[in-house]
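For the protein sequence lines, the chains are X and B, in the order given. Each step along the first sequence adds one to the number in the working numbering, with nothing skipped, and position 59 is 60. Each step along the second sequence adds one to the number in the working numbering, with nothing skipped, and position 49 is 50.
Calculated directly from the structure, the hints in this document are not laboratory data. A portion of the hints provided could be inaccurate.
Claimed, not checked - Covered, in the sense of this in silico footprint (three residues per stretch, anywhere, with C-beta under 8 Å from a C-beta of chain B), are these stretches of chain X: (1) 88–96; (2) 224–235.
To be verified - According to the in silico footprint, chain X covers these stretches of chain B (three or more CB under 8 Å from chain X): (3) 17–28; (4) 217–228; (5) 237–244.
Remember, predicted model here, so these are calculated numbers, not experimental data. Backbone N, C-alpha and C define an ideal beta-carbon position, used for all residues, glycine too.
2 protein chains.
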Amino acid sequence: MDATFDELRARLAEHNDLQAAAALLRWDQATYMPEGGAAARGRQLATLDRLAHDKLTDPALARLLDRVTPAAEREDEASFAARLVRVARRDVERASRVPGAFVAAFAAHRAELYERWTKARPANDFAAIAPLLARTVELSRQYAGCFAPYDHVADPLIDLMDPGVRAAGLRALFAELRAQLVPLVEAITAAPPADVACLRQDFPEADQLAFATAIATKFGYDGARGRQDLTHHPFMTKFSLGDVRITTRVYRDDLSAALFATLHEAGHAMYEQNIDPAFEATPLAEGTSAGLHESQSRLWENQVGRSLAFWRGHYGALQAAFPAQLGDVPLDTFYRAINRVQRSLIRTAADEVTYSLHVILRFDFEVDLLEGKLAVADLPEAWRARMQADLGVRPATDADGCMQDVHWYDGFVGGAFQSYALGNLMSAQFFDAALRAHPDLPDQIEAGEFGPLRRWLGANVHVHGRARSADEIVLAATGRPLSTAPYLDYLRAKYGALYALR
Amino acid sequence: MDATFDELRARLAEHNDLQAAAALLRWDQATYMPEGGAAARGRQLATLDRLAHDKLTDPALARLLDRVTPAAEREDEASFAARLVRVARRDVERASRVPGAFVAAFAAHRAELYERWTKARPANDFAAIAPLLARTVELSRQYAGCFAPYDHVADPLIDLMDPGVRAAGLRALFAELRAQLVPLVEAITAAPPADVACLRQDFPEADQLAFATAIATKFGYDGARGRQDLTHHPFMTKFSLGDVRITTRVYRDDLSAALFATLHEAGHAMYEQNIDPAFEATPLAEGTSAGLHESQSRLWENQVGRSLAFWRGHYGALQAAFPAQLGDVPLDTFYRAINRVQRSLIRTAADEVTYSLHVILRFDFEVDLLEGKLAVADLPEAWRARMQADLGVRPATDADGCMQDVHWYDGFVGGAFQSYALGNLMSAQFFDAALRAHPDLPDQIEAGEFGPLRRWLGANVHVHGRARSADEIVLAATGRPLSTAPYLDYLRAKYGALYALR
Numbered sequence: 002m003d004a005t006f007d008e009l010r011a012r013l014a015e016h017n018d019l020q021a022a023a024a025l026l027r028w029d030q031a032t033y034m035p036e037g038g039a040a041a042r043g044r045q046l047a048t049l050d051r052l053a054h055d056k057l058t059d060p061a062l063a064r065l066l067d068r069v070t071p072a073a074e075r076e077d078e079a080s081f082a083a084r085l086v087r088v089a090r091r092d093v094e095r096a097s098r099v100p101g102a103f104v105a106a107f108a109a110h111r112a113e114l115y116e117r118w119t120k121a122r123p124a125n126d127f128a129a130i131a132p133l134l135a136r137t138v139e140l141s142r143q144y145a146g147c148f149a150p151y152d153h154v155a156d157p158l159i160d161l162m163d164p165g166v167r168a169a170g171l172r173a174l175f176a177e178l179r180a181q182l183v184p185l186v187e188a189i190t191a192a193p194p195a196d197v198a199c200l201r202q203d204f205p206e207a208d209q210l211a212f213a214t215a216i217a218t219k220f221g222y223d224g225a226r227g228r229q230d231l232t233h234h235p236f237m238t239k240f241s242l243g244d245v246r247i248t249t250r251v252y253r254d255d256l257s258a259a260l261f262a263t264l265h266e267a268g269h270a271m272y273e274q275n276i277d278p279a280f281e282a283t284p285l286a287e288g289t290s291a292g293l294h295e296s297q298s299r300l301w302e303n304q305v306g307r308s309l310a311f312w313r314g315h316y317g318a319l320q321a322a323f324p325a326q327l328g329d330v331p332l333d334t335f336y337r338a339i340n341r342v343q344r345s346l347i348r349t350a351a352d353e354v355t356y357s358l359h360v361i362l363r364f365d366f367e368v369d370l371l372e373g374k375l376a377v378a379d380l381p382e383a384w385r386a387r388m389q390a391d392l393g394v395r396p397a398t399d400a401d402g403c404m405q406d407v408h409w410y411d412g413f414v415g416g417a418f419q420s421y422a423l424g425n426l427m428s429a430q431f432f433d434a435a436l437r438a439h440p441d442l443p444d445q446i447e448a449g450e451f452g453p454l455r456r457w458l459g460a461n462v463h464v465h466g467r468a469r470s471a472d473e474i475v476l477a478a479t480g481r482p483l484s485t486a487p488y489l490d491y492l493r494a495k496y497g498a499l500y501a502l503r
Numbered sequence: 002m003d004a005t006f007d008e009l010r011a012r013l014a015e016h017n018d019l020q021a022a023a024a025l026l027r028w029d030q031a032t033y034m035p036e037g038g039a040a041a042r043g044r045q046l047a048t049l050d051r052l053a054h055d056k057l058t059d060p061a062l063a064r065l066l067d068r069v070t071p072a073a074e075r076e077d078e079a080s081f082a083a084r085l086v087r088v089a090r091r092d093v094e095r096a097s098r099v100p101g102a103f104v105a106a107f108a109a110h111r112a113e114l115y116e117r118w119t120k121a122r123p124a125n126d127f128a129a130i131a132p133l134l135a136r137t138v139e140l141s142r143q144y145a146g147c148f149a150p151y152d153h154v155a156d157p158l159i160d161l162m163d164p165g166v167r168a169a170g171l172r173a174l175f176a177e178l179r180a181q182l183v184p185l186v187e188a189i190t191a192a193p194p195a196d197v198a199c200l201r202q203d204f205p206e207a208d209q210l211a212f213a214t215a216i217a218t219k220f221g222y223d224g225a226r227g228r229q230d231l232t233h234h235p236f237m238t239k240f241s242l243g244d245v246r247i248t249t250r251v252y253r254d255d256l257s258a259a260l261f262a263t264l265h266e267a268g269h270a271m272y273e274q275n276i277d278p279a280f281e282a283t284p285l286a287e288g289t290s291a292g293l294h295e296s297q298s299r300l301w302e303n304q305v306g307r308s309l310a311f312w313r314g315h316y317g318a319l320q321a322a323f324p325a326q327l328g329d330v331p332l333d334t335f336y337r338a339i340n341r342v343q344r345s346l347i348r349t350a351a352d353e354v355t356y357s358l359h360v361i362l363r364f365d366f367e368v369d370l371l372e373g374k375l376a377v378a379d380l381p382e383a384w385r386a387r388m389q390a391d392l393g394v395r396p397a398t399d400a401d402g403c404m405q406d407v408h409w410y411d412g413f414v415g416g417a418f419q420s421y422a423l424g425n426l427m428s429a430q431f432f433d434a435a436l437r438a439h440p441d442l443p444d445q446i447e448a449g450e451f452g453p454l455r456r457w458l459g460a461n462v463h464v465h466g467r468a469r470s471a472d473e474i475v476l477a478a479t480g481r482p483l484s485t486a487p488y489l490d491y492l493r494a495k496y497g498a499l500y501a502l503r
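Looking at chain X on its own, in the form it has when it is part of the complex (with noise of 0.2 Å):
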């Protein structure tokens, strides 16, 4: 028995470092790579991603967990050996049914839509890319069907991402957040916006790049098992749970993109950090769904960072930093500037509390186009009615509009988004469950004094690796199901005192 499930761990390790190769090529795709390397480069992700699927669906894995399942099943069931043999047959089960020649033909299609997008977006041009997006529907459907029966057909790409979450679910929970949120963003547009010039100064790029390190670091992203690195597109990437590394991007006129975008990051890449390390190698080692990742992610960026606790602590440090840019500015104007709310058109630079109706709109337009209520070429004029009724502006153009992320041009239509709202929700309700385990959690946020609430969330949370589902988590950690309550008090909180709201 000892023997199988060391060759079933070897397997799985053989199959995680190929998965770990191949985020090491896209990493490097993504920051140092000559533009002279990007056709081989694609080929030889290709290359890997196969390789990695052939072992995830070598039969004699199958055979392997099959042998070691009754074993695994007469242990405790939270045992190592339990979780790995159930986590890994979900892998298993999970890639075997999807035939290789649709693997094939949708990466085929993918990678041409994706082509075609870069320049039809900036060209404004939905019609361009519009027969192909119907193309990725149908796909999408196609893989869906690859996994019926089903309650509904964006059950199965949902999963993907979050598994478990189910489209009804997300349906009633997000139906409700729009409806407080919505009238929420109007009493907060309808009060005098915050002053942003303090953070539209020149500030040179080390210097932003220095301060926001030295935060990231203090949160507790341990730098002598990661890295950060400059990007277009910030993200965190995995290859081993001691090589976790982070990517931003300065803009030399905006003091706020790289200092959030790195804490941000630092919390995705402490929840990969601080996984039990006896789950190295295998697939437990990884976060458990991509709602719970960003809530990681949020939480140390806005709960933490946009928090006046953190700011009052921490503001004159910046101001050291930032000495002819910021030493006349007070800490309640950064602080307002910082947290600006206001009616706007990308999903990307939204505020805290718009954000989540921008990933509301694009999951419900995932399941009208699954469910073929809308058609792609009625999504432009939809997502323009959408956002004036939800958000009250209107995009003037596609590019602004349905064609911003790149998420549907380079992947499935459907579970593409709900993660990031998941993630808003969580984050507010692991933040309050750690403020009633640590009453005293703005003193220390406002002192310095990181490791509480770090430690909290590794024992609460990013121990756990896969090794429990995002719903176990939030249970086990914050005593109730995920609810909007924590995440709507909390805007209410804020937000009343930022903008003097009855």
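With chain X fixed as given, assemble chain B onto it according to the hints.
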């Protein structure tokens, strides 16, 4: 037939892609990887190496080669298909000769010895690693045994680096070279030594890198298909013909280190960048031998980069980059400094004249160790005696003697060193031939016109990749087989003038 050939190419590309991924993991390990990534990176590399070996020894690949061979043999012997099939067969047969169990055992032994060497060398404790080195000698003999029959036990090991080269030929060539070099070194070192003080000032690192990179770019290293990063031990690596990277190191107090390392690695890189693009992702898309590779790096580093013609045209730019340090240093002083010859202990720091003697010594010891004429326990004293005889210096420690190079402690004994001396010989023979084709080459180099030399090398050497052997390339490009004459003539002319020898 076309479909079979396409399938063959697809399988070879898969193997190529695994090797490229492993190369990127090694590049990252030597440039950016945080210390926390080390353990997993070792396992990931072992996985990729094993999977690449599996792909190369897959019986399906051998069957494909069998099927296409008759048609390929009917084609022109110099055709792409004929060359590809010949080189691929060679790779497959070589990989298949060595049992997987041996590969695994040697990898484990090598990792252990390397780890011990990193500690034994600074402690000057040869006795601590002598038994493991003796085991390496035994394993090297076993490896050679997989390729029996052979003329000499070193032949299969030499063949790994320099295909087709045999111990017997090298012995004759190196004996002749040594007989000429020893008295030349004696004559030069009897003259007053060059003063290198001008190189040992404070040179800001960024300025050094900028100058070195500018020269490498002028030589023809294409930065859009490559890049330069910092590391401890400079190297060149390739992920595709469009992504050929170099690395260097910079010392503030030594102007020559980064400069000549950059020109050296750029020489390697230009070779790879100029291989026929039609060879991409096949086994033909590589340098044909380690010796030929070294000839290209040495040619740009020494025949060009340390020549009087080059510095007549470029010393002004160097002075402009470092006016405080070099403004008052005459060209002649600088030229003598970068060409100082001295009796020294360390191969990697040796000058053009003594370098080959360091190499021949190592080659001779490899042969003696493999033949059993020299016991590992007797190596330190044999090293000291031979250094005294050839170079007139005697290392005080084994750290500066037989433990100085990593090669024997991280690979086979046999075949590890001859490439460096072969490269020196070839570099002079190629440069001599280029000079016959372009008699005004020194004037072009002085004028900063490197295109004619680069194109001559491109057309006569680089473009062929592995489609031609080093011997074929030398003969076709220079009109004669490899000999010591051009190199000795070059050294005598250059250093005769520098040291006013009779």
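Checked hints:
{"no.": "1", "hint": "88–96", "verdict": "violated (count 0)"}
{"no.": "2", "hint": "224–235", "verdict": "holds (count 6)"}
{"no.": "3", "hint": "17–28", "verdict": "holds (count 7)"}
{"no.": "4", "hint": "217–228", "verdict": "holds (count 6)"}
{"no.": "5", "hint": "237–244", "verdict": "holds (count 5)"}
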